[in-house]
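Place chains B and C with the ligands on chain A using the hints.
Protein chains in written order, with UniProt numbering: chain A, 1 to 112; chain B, 1 to 112; chain C, 1 to 112.
These aren't lab readings, by the way, just hints derived from the structure by calculation.
Do not take every clue at face value.
One copy or two, either will do: identical chains are not told apart, so a pair holds if it fits within one copy or between any two.
Said to hold, decoys possible - With a straight-line cut-off of 27 Å between C-alpha atoms, the simulated BS3-like cross-links for lysine-lysine are:
(1) K10 x K74
(2) K106 x K2
(3) K74 x K12
The model shown is predicted, which means the values in this text are computed figures rather than measured ones.
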Amino acid sequence: MKKIEAIIRKSKYSTVRDALHEVGVNFFSYWDVTGLGNEKEGHVYRGVSYSTSDIQRRYLSIVVNDDFAETTIKTIINSAGTGEVGDGKIFVSNIDECYRIRTGEKGGNTLK
Amino acid sequence: MKKIEAIIRKSKYSTVRDALHEVGVNFFSYWDVTGLGNEKEGHVYRGVSYSTSDIQRRYLSIVVNDDFAETTIKTIINSAGTGEVGDGKIFVSNIDECYRIRTGEKGGNTLK
Amino acid sequence: MKKIEAIIRKSKYSTVRDALHEVGVNFFSYWDVTGLGNEKEGHVYRGVSYSTSDIQRRYLSIVVNDDFAETTIKTIINSAGTGEVGDGKIFVSNIDECYRIRTGEKGGNTLK
Ligand SMILES: Nc1ncnc2c1ncn2[C@@H]1O[C@H](COP(=O)(O)OP(=O)(O)OP(=O)(O)O)[C@@H](O)[C@H]1O
Ligand SMILES: Nc1ncnc2c1ncn2[C@@H]1O[C@H](COP(=O)(O)OP(=O)(O)OP(=O)(O)O)[C@@H](O)[C@H]1O
Ligand SMILES: Nc1ncnc2c1ncn2[C@@H]1O[C@H](COP(=O)(O)OP(=O)(O)OP(=O)(O)O)[C@@H](O)[C@H]1O
Ligand SMILES: [Mg+2]
Ligand SMILES: [Mg+2]
Ligand SMILES: [Mg+2]
Chain A
1 MKKIEAIIRK SKYSTVRDAL HEVGVNFFSY WDVTGLGNEK EGHVYRGVSY
51 STSDIQRRYL SIVVNDDFAE TTIKTIINSA GTGEVGDGKI FVSNIDECYR
101 IRTGEKGGNT LK
Chain B
1 MKKIEAIIRK SKYSTVRDAL HEVGVNFFSY WDVTGLGNEK EGHVYRGVSY
51 STSDIQRRYL SIVVNDDFAE TTIKTIINSA GTGEVGDGKI FVSNIDECYR
101 IRTGEKGGNT LK
Chain C
1 MKKIEAIIRK SKYSTVRDAL HEVGVNFFSY WDVTGLGNEK EGHVYRGVSY
51 STSDIQRRYL SIVVNDDFAE TTIKTIINSA GTGEVGDGKI FVSNIDECYR
101 IRTGEKGGNT LK
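So here's chain A without its partners, still in its complex pose:
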């Protein structure tokens, strides 16, 4: 199983959620975070310039079976963008095991 973490613009959330639903990804968790992106602008601190404003982002954490990872990633890339810098990032990592608390069962079937 794979964990797909996407840090997106808050304004694109409902577009991304609906696009994920359309490809069958109905279960995930999200919360709001502050993002420091790679903006080289704004004030100068010890010779390097940084963005002065932190950006409010939405963090989506989605665990899927391996054969769903590519679809999930493509769907986010195709729905979360505006074309402007700051559209966000996706990070993919491995999940060793998954459990459904109600039944105690484990494995990829709990993700369906």
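Below, chains B and C with the ligands alone, put in the same frame as chain A:
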């Protein structure tokens, strides 16, 4: 070391925390998230029906030594449930290294 | 690529952020969490004593290329501490893949 992430009902938090304390898991972090579970009900969108209401969940992140992982998972399963759908999920992943900031020391001893 | 998660005192956040900027780590995400540390003090519950107060912490999630991990960790250890118990923890894990949403490109170059 293993990271155990549990997404539980907020109403079960203190029961889960006390159960973890009883088996010696005294250190973890938590925050509140919104959960989209696998509810196939509610309004219909492009032919598929979804839950209309997002659910407030509590996200627990617990890093433990390998020999503590099973106890931690069992304790959550045994304490977080109500028997109704929506009791939550547990995800297990690998942690390569761990540091205690105060001392700079690393390794599994920093988890004890 | 590595994910470096640091759970620090909120009061040390701007010091840590500035120290990270100085070594070239300009991009990360953070949010506030509640921490249950390893404090064996406070009230007694079934024979074991626990801290009665949960602590507000700041959770930093930083994805870096492998050759930047050590610098990032050292910088956090050197900037986040007060010398008192409760300075926080750092967890390191593996990231399989990374994408920049705007361009769709993947790999370690998206972290620069
Ligand atoms: N290396 C990173 N680790 C953790 N979070 C990151 C990292 N890089 C970016 N983020 C998060 O993603 C958000 C969006 O980043 P952003 O879209 O600006 O990436 P970028 O690579 O600079 O792309 P662009 O060139 O399109 O701006 C940031 O505000 C931050 O929350
Ligand atoms: N694949 C997933 N990725 C990320 N978070 C998830 C995933 N599945 C569930 N969650 C989170 O867990 C919460 C609870 O899920 P839930 O208990 O409904 O799981 P379930 O598999 O549908 O089990 P049940 O049949 O008992 O309802 C969701 O609200 C969501 O926050
Ligand atoms: N094993 C863990 N899993 C998840 N989060 C943890 C874990 N241990 C500590 N934390 C988080 O880190 C915060 C700080 O922990 P703390 O600095 O007290 O660690 P410690 O090992 O007890 O070090 P010290 O001896 O300096 O107090 C906690 O409040 C909690 O949010
Ligand atoms: Mg950017
Ligand atoms: Mg459900
Ligand atoms: Mg402590």
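Okay, the hints, checked on the actual structure:
Taking the shortest Cα distances, K10 and K74 sit within 27 Å of each other inside one copy (19 Å), while across copies they are farther apart (32 Å). When the C-alpha separation of K106 and K2 is checked against a cutoff of 27 Å, the pair qualifies both within a copy, at 15 Å, and between copies, at 16 Å. For a Cα distance limit of 27 Å, the shortest separation of K74 from K12 inside one copy, 15 Å, qualifies, whereas the shortest one across copies, 36 Å, does not.
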